[in-house]
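One line per chain: the protein sequences are A and B, in this order.
For the first sequence, the working numbering begins at 99 and goes up steadily by one.
For the second sequence, the working numbering begins at 20 and goes up steadily by one.
Note that these hints are calculated values from the structure, not bench results.
Some clues are possibly wrong.
Stated by the list, open to error - Distance ranges between label pairs, derived from CB positions:
1. Ala-266(A) to Ala-179(B): 30 to 40 Å
2. Arg-337(B) to Thr-172(A): 45 to 55 Å
3. Glu-357(A) to Val-91(B): 48 to 58 Å
4. Pro-428(A) to Leu-176(B): 55 to 65 Å
5. Thr-181(A) to Ile-51(B): 32 to 42 Å
6. Gly-201(A) to Asn-267(B): 34 to 44 Å
7. Gly-356(A) to Glu-178(B): 21 to 31 Å
8. Ala-53(B) to Thr-226(A): 52 to 62 Å
All C-beta atoms in this analysis are idealised placements derived from N, C-alpha and C, irrespective of residue type, glycine included.
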Amino acid sequence: MRHRLLVVVILVLASLLTFSAGVLAQDQPITLTMGSWRVDDVAQMQVILDAFNAVYPNITIVFDPTNPPDYNATLRTQLEGGTAPDLFYLRSYATSRQLFEEGFLEPLDDLPGLMENFTPEARAPWATEDGLPYGVPFIAVSHGIYYNKDIFSELGLSIPQTWEELLAAAQTIKDAGYDAFANASGDEWTIAEIVFMNLAPTFIGGYEGRQAYLNGERCFNDPHAVAAFQAVADIAPFLPDGQEALTYYDSQQLFLMGEAAMWMGGSWDIPFFESQQPDFEWSVFAIPAPEGQEMGYVTFHMDAGMGLNAAAPEANKAAARKFLEWMTTPEFAALMGNNLPGFFPLIDQPIALDNVHADEFLALNEGRGLDVRWAWEKLLDGSPDGYTLMQNGALAVIAGTMTPQEAADALQAGLAQWFEPAQTCAAQ
Amino acid sequence: MADNVLSVPRVRASSGLRWEVQRRRTWVLFLIPALLIYTVFMAFPLFNSMRLSLYTGQGLTPDRFVGFDNYVALFTNPLWRDRFFNALGNTFVFFAIHMLVQNTLGLLFAVLLSNPALRGRSIYRAIIFLPATLSVLVTGFLWRLILNPRWGMLNQLLEAVGLGALARPWLGDPVLALPVISLVSSWQWVGLPTMMFLAGLLTIPDELSEAARVDGASPWQVFWRIKLPLLMPVIGIVSVLTFVGNFNAFDVIFAMAGARGEPGYATDLLATFFYRTAIAGEHPVAQPNMGVGAAVATIMFLILLTGVSIWLIFSRRREGQQLY
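For reference, chain B alone in the conformation it holds in the complex (with noise of 0.2 Å):
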């Protein structure tokens, strides 16, 4: 009797042990097909990009070991030093614009459109976020329209204000045209970072701005005290996905001023040096260096690794501090 009475909890832990070795091996069964696919289509592209930074030669499969001269020849060969660097500051350039311009007033309008006594929201909203609905390349052709200088309607609007002085060439300004370009991308897309704004704003207790209010704060503290600091998780992610767009944005670049980046470089990202070393070739020669194509590759992958790895340790940690 005793025996049995001891061996029933035994039998039932052990039972219960087997099925949670069972339960926990139809995760992985599930986890397969995803792994797969992440396998076949990220990780070994990624790593096999990284192998070819390593070697050398023409066409599509390089294939003299080189050992780090391509990353050696891209730091200090000064034809490629000149335009990597070059590009990598105007990438910076893009992103510090699209976070002062696109954030700052994506966090404008949601704010407004949060606000419950404005009329006419869902109209504001959908002008708001249709831009973000429409081709990078057909808003690109549109710009360029605008901008042109001699039929273009910018040009024409400050002739006709009477601020014709102020009218310029602005795509084919080397001072001017990556910050024309990175506003006309900030119009684009400053739906996006409206609408999650939006809904974090949303997400936050009406009780906690009206206790604010009753207590004396004014509508400016409220906003600053209450709601910037509940809004801050949104604010991060919406300043990590703009890391990730920007340094790897080709589209707009490509439908404004071309694969070259004109004028005279100007305008040239990471992405559109990746695209003339890795894939198109300078013209009128056009042989692509897939060698030094794929290094750039890896250094714009360690550059994104190395961003969005800060906004994880700092959201951890502000995390845990809600948390205890």
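Just chain A, same shape as in the assembly (with noise of 0.2 Å):
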């Protein structure tokens, strides 16, 4: 009789043990870390994460940003220190990939909605030469030409429909007193991002005209590349007096104060241009394509994806699957482009965009061809890298030190030191 009483005492309890096992196991809350470089976006990602912890009330994410310039090497000191936080926001290309491939990432090939929701083309920054992704696609920045709409309209001018137009343009604007572009060179990095590699899709034909650069069909000094560099002697004169030493912030300045009626920039300058209220109204163009060519193209970056650490303990990979799976869905890009204006969904449906300004810059999109930044596929694996040969190129260009065919031969001397398909792309 005792005995059975503790049998069935000993079953109940045990029983109950592992009923309670069972709901901490699903309803324990859990804190996830994120990484990221984006310090200015604090507040807003806050805005998104609390959206996801309304649907998933048990899973907290802290958003942990780091400065960054230092963004790369800190997570790779995280990761080999196991330290790094459980998400966190990948580069494009190869530093992510070099990440992957030494198993600090976990594939995410079997995470429901990647595969439906975005194109090859989106996923393949995070992802490998097979196409097996290690990280959802999350932001793309797009690059334009901001204009003042009254001194546009007080020159009487449209917006340019032809290169050629836009240099009239920017003639008109220069005779009239104004500074034509607010951009210059005194921080060096601006002329390789915002202006060669925002126009340089359009010379070189887009993504097919930079694939045929990475398979060897074209040298980069082939007569597209040096078009590209001429766009950019086009434009020289038509910067601002004492631009060699004139910064970002400057050039911001001078197109905010309505002393300069167009800036080539990155669609990340919304929120603060807005910030700003200027006491004028202001838009955005895409770059025009030279007389003669029909197709119009927009560098569109894809800038940041989100990883997972593969060396999380499993419940938190659980958790931040649950995150990654809600990234893919329209809920989320709608949520992410709206409370980051300037920055773009990468889903592949149409999300309205609340802000009037990036909504704007989506739409340039419309009927052109888009690629990211020339540079980052592939060309920043060696050294020298194709990014520091482009500015200097650039940068040699608008101080008349070289020509733009010697610039686009510079390139392509460069490159062809480490990257095989310009080393072969003569005999092509």
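Hey, can you piece these two chains together into the complex? The hints should help.
Right under this line is the structure:
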């Protein structure tokens, strides 16, 4: 009798324990960390993470960004030391590919929604050559030409439809006493990223053209590349006086003060320009194609993906996968695009944005070819890297120390030191 | 009795010796904390960084031993070599301008301030020393504003006095940028050599210059023949401090030209080159190479060691001359 009672008590206790353990496993609150280089986005990301928390009340994600220039090195140190966040922003192409190849990133081919809601092109920056994804496509930034509508209407200018019209408009603006473009070489990266790589797709023929360089069909000093450097030379006379020493911030101010009519810039400047409330209307247009070229292009750069730390505890990984799965939904895309104006979702579905300027920027994509910045895919993987070569070439063209042909020759010669397609291109 | 008489000093001597040994042991005890701190925080990192310069690999712990390959790459691979020798040359220019401008001005100010006839000496002293109390990031930012080609005060001033033709994008000109930044740095730190020279001048007894004047020496001769030779030890110390400070200089370049030593590496110093190589990497790849970085740091250390050793040898020799 006593024995039986004891057995019953034990059974009841045991079942209670397993039941509560099951409950715990399901409902135990879990906190994940997210690494990022976007120190400016803390408040905006909180809105997005709170929205996720409303759907999954047990999963809290803490956004913990690092200063952008230190991000790659910091992340690597954390991954090697076992202190990396559960989820983290991934740079596109080689930087993250290397992390995956070294086993720091979880493969995500079985993540629901990833294959269905994104095109192979959108997944490519965070996938292997065979298409095995290790990151969820997250953020794209676009590039174009910001313009001061008031100055344009004052001078009777309309949006230039060809490259030649753009140069004519620049001349009109300059003659009227304004600076045509606010861009300057005081911060050298701006010439590479928001001038040269902004206009390059229009002159090399977008994605297909860029691939022709990457597979050796074209040499980096072919007429298309020379034309891209020539375009930089075309706008050089329309940059502000003293542009050699004007910084990124100075350029933004020139545009915001209404002293410069145009600013070749990136979509990430939208929130800053809106916060400065300039006393004129502004909008954005795409780099116009040269006369006789039908197709227009926009540099729509795939900037950030989201990766899952392969060394995270299983419970964290399971929770993080819930978040990554949520990132593939249109709800997330709309939330992201609206909370971070100027940063665009990569989902393969039309997303309406509330922000007028962001919506105008995104609308430039319609009917145009989209491509990432020229140097990002493969050309950063060796020394001297394509980015530095393009930057130095464009700067030299602006300074007048190199002709566009010489700049393209230097690009070809530099890449031929290590990039095989550049070595074999002449034979094809 | 005789034994006792003899034994007394012997006992004293041995107890004195023991006391001496004990005293030395106590000294060593006092040295231990400093030695420990020095070993852990100075000597160990120094030698560890030298060891790192023989390794290669990604991330914080380069783990593949490659012997002197990093040094060979630094001196022979054109990608590293050009940047390294450019930075080395720039650092020498940076140092030369400081020696020429900062230390000469410091000496001039000190001589003026040591003149008892000068009124308001303490005010001038405060003004000259003031910039040295500010953060380099603050002064660097202020000078960036002053030198801004669009809104900067300097170009507007030049225009106002009819010298508009001299206006330049100062920090954007590859020829001017390094001298301009060196001058800004000299302006900031001129107070330190001034104070040291002033202290040195004040220790020179007035009798010497008075006697020289009685003998008919002009003020210039008094300075050149009496004061300057007596100031040589201070000049030596100031020079060596300038040398060490300039060959480690990073902050003023970082504040005024960025870590890449823009424009076009024209202001790249050894320390900014080291920072990019070992810590930050090159934009946008940002993957540092700690092995080569450690090699750069080791070379910087050797340059500093050589410079300071030369100074030590010379100052020892001078001390010897003064003693005998």
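Verification of the hints:
no.: 1; hint: Ala-266(A) to Ala-179(B): 30 to 40 Å; in the structure: 36 Å, holds
no.: 2; hint: Arg-337(B) to Thr-172(A): 45 to 55 Å; in the structure: 50 Å, holds
no.: 3; hint: Glu-357(A) to Val-91(B): 48 to 58 Å; in the structure: 52 Å, holds
no.: 4; hint: Pro-428(A) to Leu-176(B): 55 to 65 Å; in the structure: 58 Å, holds
no.: 5; hint: Thr-181(A) to Ile-51(B): 32 to 42 Å; in the structure: 34 Å, holds
no.: 6; hint: Gly-201(A) to Asn-267(B): 34 to 44 Å; in the structure: 39 Å, holds
no.: 7; hint: Gly-356(A) to Glu-178(B): 21 to 31 Å; in the structure: 22 Å, holds
no.: 8; hint: Ala-53(B) to Thr-226(A): 52 to 62 Å; in the structure: 55 Å, holds
Violated hints for the displayed structure: none, as all numbered hints are satisfied.
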